[in-house]
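J.: Sequence:
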Amino acid sequence: MTAQTTPASGPPEPPAYIPATVESKWRERWAARGTNVASIEGSDRPFYALMMFPYPSAEGLHVGNLFAFTGNDIFARFQRLQGRQVFEPIGFDAFGIHSENYALKVGTHPMELIPRNVANFTRQLTAAGFMVDWTRTVDTTHPSYYRWTQWVFLQLFKRGLAYRKKAAVNWCPSCMTVLANEQVEGGACERCGTQVEQRALEQWFFHITDYAARLLGNLDSLDWSNTTKTAQRTWIGRSEGAEIRFRILNPLEDAGSAAVHVSTQITPGTRELPVFTTRPDTIFGATYLVLAPEHPLLDDIVSEEQRSAVVAYRVQASKQDLITRKSVREKTGVFTGAYAVNPATGEMIPVWTADYVLMDYGTGAIMAVPGHDERDFEFAQAFGLPVERVVAGPGQKAKTPLTEAYTETEGATLVNSEKFNGYSIDEGKKAITAWLEEQHAAKAVTNYRLHDWCISRQRYWGPPIPIIHCDACGAVPVPDADLPVILPNIPDFKPDDSGVSPLARHEEWYRVPCPACGKPARRETDVSDTFLDSGWYFLRYPSVRAADADAAPFNAEITKRWLPVDSYIGGNEHAVLHLLYSRFLTMVLHDAGHLAFEEPFTKFRAHGLIIRDGAKMSKSKGNVVIPDVYINEWGADTFRTYLMFLGPFEEGGDFRDAGISGVRRFLDRIWASVQAASATGAPHEEVMRKLHATIRKVGEDIPRLQYNTAIAAMMEYVNVLRRGERTPHRAEVEPLVQLVSPFAPHVAEELWEMLGHTTGIFDSGWPAFDAALAAGDTMTIAVQVNGKTRGSVVVPQSADEPAVVAAAKADAAVAKFFPASPRKVIYVPGRILNVVG
RNA sequence: GCCGGGGUGGCGAAACUGGUUAGACGCGAGGGACUUAAAAUCCCUUGGGCGAAAGCCCAUCUGGGUUCGACUCCCAGCCCCGGCACCA
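Position 468 (the first sequence) corresponds to 477 in my numbering; numbering is contiguous.
These aren't lab readings, by the way, just hints derived from the structure by calculation.
By construction, the Cβ of each residue, glycine as well, lies at the ideal position given by its N, Cα and C atoms.
Hints are not guaranteed to be accurate.
[What the hints assert, rightly or not] Under the rule of at most 30 Å between Cα atoms (straight-line distance), these lysine-lysine pairs were calculated in the DSBU-like manner: (1) Lys167 / Lys528; (2) Lys238 / Lys797; (3) Lys428 / Lys452; (4) Lys528 / Lys335; (5) Lys569 / Lys167; (6) Lys328 / Lys175; (7) Lys569 / Lys114; (8) Lys630 / Lys612; (9) Lys174 / Lys528; (10) Lys335 / Lys630; (11) Lys428 / Lys408; (12) Lys335 / Lys175; (13) Lys114 / Lys625.
[Said to hold, decoys possible] Beta-carbon label-pair distances, calculated as ranges: (14) Pro712 / Asn227: 19 to 25 Å; (15) Lys833 / Ala721: 33 to 39 Å; (16) Gly774 / Asp219: 46 to 52 Å; (17) Arg570 / Lys833: 56 to 62 Å; (18) Ser312 / Glu211: 45 to 51 Å; (19) Gly774 / Thr689: 23 to 29 Å; (20) Pro712 / Thr689: 33 to 39 Å.
Using the sequences plus the hints, can you model the full thing?
T.: Here it is in structure tokens:
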């Protein structure tokens, strides 16, 4: 503390509140004392407070990041004040396409860029006063980390969950490179504007679809934000239905056949086409089939007359980026010349190919029921295909014509469906599936919308996939002892005309002997997806300083004690990908015997989004708010508290700087009150009552992340504390300093020290709250007459209904409305009295 | 289109499971004190209408409903934000 120079005459001036001084003092003090270093080994009540680690962009942290981190920090500090040993780590998700694109743009190598960005982030995070354990951080681009990312890949590979297949990527023919979906704008490359195409490349996939049922089922028991769970459920997209097999007629045998009814028997050797449908009940209305243009059976079934048209259509379909391909457009398609047999009606129906059917869902083929599916209806209209009604809604008949697809199921019954006429939709689904099953033409199946996770990136800035391709042995995993496969520092990390991964241009790097047979072989030159880096980082944090940190991704003992994560706070933009992948990897590692739990995050809360002028902050809009200026001007404590006072944490809101002065005044008043506090005499009864009500309110609000109302409650208390410019008592202010400490940690420490404490405030515990004291010995009951509030009465806590009624009659304001003979009296104890006359 | 979340003063927002005269807390605005003056600080007022006042009436997106009592529950509709979306 620096004493102000005081004029000889007056009393000594109390020290002024200068945030910069206080904050730098406590930053140093915390670092020197190791205040924020978690006692990972010796903890009996551990609490793991995780926040989503940032991608260290060149622009630095923006207020959105700070808002999220502050919310987590308050929760973490509160847990610590509750006596938990808290671990609040931070790290850097620095691999990936964002970093690489930025590096390309400024022409600096990412290996040079990232450390600079990380240093800047560290400076900002420190300035914000987070209770971060800086001795345990993670940088996904460091070989000591990605060695284990590669290990995770190999765990999946060894369990048969990593496989290679050809898959479409967005391809810019001008830049000769692969583009992520977000780099495609309206079908064109965001950089050069060239029309983007699809290109099929051999890529690595993780078999997450194997886990779809578990990923979905476990959601019910997780304490997560509802919005996040809903998003995951939608993403996984379970649907029940049937896989129905249609016999494809042999064009030679059946050529020229005029017969409409043909054998429905599927005999060995006949070609058949399985389709997935959620509406097996409508099979009698299936008037044609559609195959995705990429369907492998297309070549086999297409007739000679139609072949050139089908091939042309397929080429045209591939000349579309993945986004446009899947967006709703005018229906297009081509007849294949082939026919199939509807197993229910025995009728011959045409087989088409159209791009509204997607290869990567179900079986890549559908039975079209234009009468009861909007898309099929549209297609049938466009190409003059027959539309049959097989479902009748209330008031409709079997012959009521269809002017649009009738898709309602409520109260509807089957029609034109032979023996199933009159069945409800649900009955029809069951009965028809069973009937087709008897004929071996169908089986009940559950399908998921979730796709396998493509982890290949034909890029530079990521961990090399630890596989060696050998002509003799196939894909051979890099032996654990040879990990990490170091990402080489190559100057030409830019994608170029060769059209392959940058690493594929470095023969000296990829030419290696096969680990299995020793013959010349070739490293995988794709790197892995950033979501793999971030899919397991929470497992690494507690163990980064473990004795076996170089021998294992996570220490068994430590992991047992600290995981799963007690509380995870992050943005809902990661509701599906990051959170789903993390859950999946955890499940796999659990199944492999590495983890005792299968869900990584016991509790997850999605914070709201901070927007600016009604729009998401983005560089292109130029509305990004940089926190540094605010921290410099107002102090980190004020800025943190202000961000939390903006609105409900889980809702976010529009950032404005109007109002920040109010929060600063609030801290100023606390400061002044502590300076002025007197230890003599007794604390004021009324003030103490308010204090205890405030302790309760703040203690209830923080765990619910209702920070804005917690701050309001403290402000209210400060108003009471200072009312009439009274001198506060020490006992009235000391607990307040503890209450405010999660929000404004630096100034709270400073005041705590001024109050004579020699140990840190965050180890001081949470003030106890006295319910009886908070309640006082009287209560105020609102009095209504005929539902209109007419006044209120103050009665002793012990007052019962007759006593309250008596008091109400005696009250002048109420008495004039009081009915002579009440018909009904409703008394809600402690709250309200309503007299109906 | 489907699934979430919302709609309350000039503004950000409160209101426990329907129950203390809706709008706490803060910003902004108006007035006052202190000051030569300003800043800072402190005090008062601040949803709308009528009224000299006491007071009365109207107000939580709109329209219905349930209830002694509705921002809160139900039905119908409008608008905003977020996610998903040719997934059969």
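J.: Confirm or reject each hint.
T.: Hints, verified against the model:
no.	hint	verdict
1	Lys167 / Lys528	holds, 22 Å
2	Lys238 / Lys797	violated, 43 Å
3	Lys428 / Lys452	holds, 20 Å
4	Lys528 / Lys335	violated, 44 Å
5	Lys569 / Lys167	holds, 24 Å
6	Lys328 / Lys175	holds, 17 Å
7	Lys569 / Lys114	violated, 44 Å
8	Lys630 / Lys612	violated, 34 Å
9	Lys174 / Lys528	holds, 24 Å
10	Lys335 / Lys630	holds, 28 Å
11	Lys428 / Lys408	holds, 17 Å
12	Lys335 / Lys175	holds, 19 Å
13	Lys114 / Lys625	holds, 23 Å
14	Pro712 / Asn227: 19 to 25 Å	holds, 24 Å
15	Lys833 / Ala721: 33 to 39 Å	holds, 37 Å
16	Gly774 / Asp219: 46 to 52 Å	holds, 48 Å
17	Arg570 / Lys833: 56 to 62 Å	holds, 60 Å
18	Ser312 / Glu211: 45 to 51 Å	violated, 32 Å
19	Gly774 / Thr689: 23 to 29 Å	holds, 25 Å
20	Pro712 / Thr689: 33 to 39 Å	holds, 36 Å
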